[in-house]
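**Student:** Required output: the full structure, derived from the provided sequences and hints.
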Amino acid sequence: MNNLIIKTEGLAKVFKETTYGGLKQKTIVALDNLHCEVFQGEVFAFLGPNGAGKTTTIKLLTRLIFPTRGRVWLFGKENVDHTAMKKVGYLPEQPNLYGYLTGKEFLNFIAQIFGLDKQVRRKRIDVLIERVGLSERVMHLIRNYSRGMVQRLGLAQALINDPSLLILDEPMASLDPVGRKDFRDLILELKNQGKTIFFSSHILSDAEMIADRIGILNRGKLVSVGKLDDLSHSQTQPVEVTFIVDSSQISQIDLVKENVIVQGNRVLVRLDDKEALSSLLRQIDKWGGRLESIIPQRKSLEDYFMTEVRK
Amino acid sequence: MRIWAVALNTFKETIRNRVLINILIFAIGLILLTLIIGDWSIYQQAKVIKDFGLSAMSIFGLLIAIFIGIRLMVQELEQKTIYVIASKPINRWEIILGKVLGLSITLMINIVFMSIALWGTELIQEGQIDLGLAPAILLITVEILLIVCFAIFFSSFISSTLSAIFTIVVFTIGHLSGFLRDYIEIYPDKGFHWLLKGIYYIVPNLEILNLKMAVVEHLEQPPHAVLFGLLYGMGYILLLLLLTIIIFSKRDLK
Ligand SMILES: Nc1ncnc2c1ncn2[C@@H]1O[C@H](COP(=O)(O)OP(=O)(O)OP(=O)(O)O)[C@@H](O)[C@H]1O
Ligand SMILES: [Mg+2]
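Residue numbers (the numbering used here), protein chains in the order written: chain A, 10 to 320; chain B, 529 to 782.
Read the hints as simulated data drawn from the structure, not as lab findings. Every residue, glycine too, gets a C-beta built ideally from N, C-alpha and C.
Some but not every residue of chain A turned toward chain B, in silico, with C-beta under 7 Å:
| hint | residue |
| --- | --- |
| 1 | Ile74 |
| 2 | His91 |
| 3 | Met94 |
| 4 | Asn105 |
| 5 | Tyr107 |
| 6 | Tyr109 |
| 7 | Phe118 |
Derived BS3-like pairs (lysine-lysine); straight-line CA-CA distance at most 30 Å:
| hint | chain 1 | residue 1 | chain 2 | residue 2 |
| --- | --- | --- | --- | --- |
| 8 | B | Lys778 | A | Lys230 |
| 9 | B | Lys778 | A | Lys33 |
| 10 | B | Lys608 | A | Lys190 |
| 11 | A | Lys35 | A | Lys25 |
| 12 | A | Lys86 | B | Lys778 |
| 13 | A | Lys96 | B | Lys608 |
| 14 | B | Lys778 | A | Lys95 |
| 15 | A | Lys35 | B | Lys778 |
| 16 | A | Lys96 | B | Lys540 |
| 17 | A | Lys113 | B | Lys540 |
| 18 | B | Lys540 | A | Lys132 |
| 19 | A | Lys320 | A | Lys35 |
| 20 | A | Lys25 | B | Lys782 |
| 21 | A | Lys95 | B | Lys782 |
| 22 | A | Lys132 | B | Lys608 |
| 23 | A | Lys96 | A | Lys16 |
| 24 | B | Lys782 | A | Lys33 |
| 25 | A | Lys127 | B | Lys608 |
| 26 | B | Lys608 | A | Lys113 |
| 27 | A | Lys230 | B | Lys782 |
| 28 | A | Lys127 | A | Lys200 |
| 29 | A | Lys200 | A | Lys132 |
Quick list of the computed label-pair ranges, beta carbon to beta carbon:
| hint | chain 1 | residue 1 | chain 2 | residue 2 | range |
| --- | --- | --- | --- | --- | --- |
| 30 | A | Glu26 | B | Leu771 | 22 to 30 Å |
| 31 | B | Gln607 | A | Asn12 | 32 to 40 Å |
| 32 | A | Gly85 | B | Ala753 | 53 to 61 Å |
| 33 | B | Glu606 | A | Thr92 | 23 to 31 Å |
**Tutor:** Right, dumping it as structure tokens:
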């Protein structure tokens, strides 16, 4: 299949931890038998708690470390040397970039490694600097950047070769809310250009907003993969209704008690499904109440994540 | 050229390092210091300048080599700046060669500066310069490059402290190679005989690269001493680079 961008088969990594100068050795199974497939044009979120093995997987994909077992294919070819990396953009977790260079020098250096010629380098660097919002500081030393600025520069270097696959390890860590919003926009823009994006995250709401598919990793094992809706959609969809009603009427409200919260003359009712909604709305009208809001409650990815991880 | 890009970046790193500049200024200052010491007889003074200058050159050159050679690798590996490089379409051997090349350029520029200081001092004191020092300076450069390759070799797989210790040990044993050989010859078959012999053969004999005394005292040199030193040093450097590349290509960058 040629629209398969990432494929891993039985991928495993065991770390050896030595203490007392090698006298004592412990093994840590960081990743265990990972089968994973990511398709052309997808945004794939790789989720999991701390120590789940996300970074380990990503380092295996980028050949920073080598598998104990299993194999990796990128763009349909087995990933045995660095040639596939020409088409990959990678952002490490909490990147450290050369402090003695300015942002611009750094991007130029990375572009040189990709073998881009001077014209292309200059043009891309200017565009990217603008795109990640670093224009003011690119002529300064990276040493003096804030964490979020380094993160932005890291993102810029990941895009310098106009990659068809982006592998991003916690791209939103240390970004401020504006930075996050910009990042989500950027991802969607890249997706529209037909790029494939594989990113790891703890931040479920961000993943929820931009990912097409989600994989959940726990203790080195992939516990579930699928479309967000398939994973977290429950059959019934609860709704929260808030309304204001004269306090004399409140005693008449005969709904299941634990689903009602009353504060002064404001009432919040949680309904288990939409069916009951119309009858409640008629009731409110009858009591002479004023409707404030109706908010559908999706069983969140967070709930799903928690149950999967606790299993 | 990817190697060249890495080399250039490495060069930038080293020359922007304040410690390096400080050591260099200190070394040059020391060489120039011989200018204001004027108490020796004319003949002695000429010797003192050369002797002192060449020694300062090799000692400070080595200091810089060990210091920045190890720092360079440690910074990459421990601060994990290597991630953004090693994940690019570049081979690990290209990274190593680029680093060594960049570092060598810095070290050679250092040598040039120190040579200028030395010859400048001579010119001021004696009105002439002794180009006969050049072979010694050439081999000092080779020794420094060899030591920097040891530093990079060690620090590509062990911690910075151990790398520094091992590099200094290699340097020390390398200069005591002659004693080691004599010892093995005088006391054969003693307990650790095989170990000493092993060390003797593995560690390069750095005295081969030491022509300081010969050029200062105008001693008779064995024919082709310079050429031999050059080839000997280069051979070791290539061997070390090969080993470093093999180790570095296989290791996890974690
Ligand atoms: N170099 C290493 N040596 C030993 N163990 C390691 C090494 N790197 C990672 N591990 C272990 O492997 C497991 C997976 O780590 P990994 O960094 O992949 O987790 P993660 O999912 O990225 O976590 P986080 O969300 O905290 O970044 C952890 O138990 C970790 O302690
Ligand atoms: Mg991680």
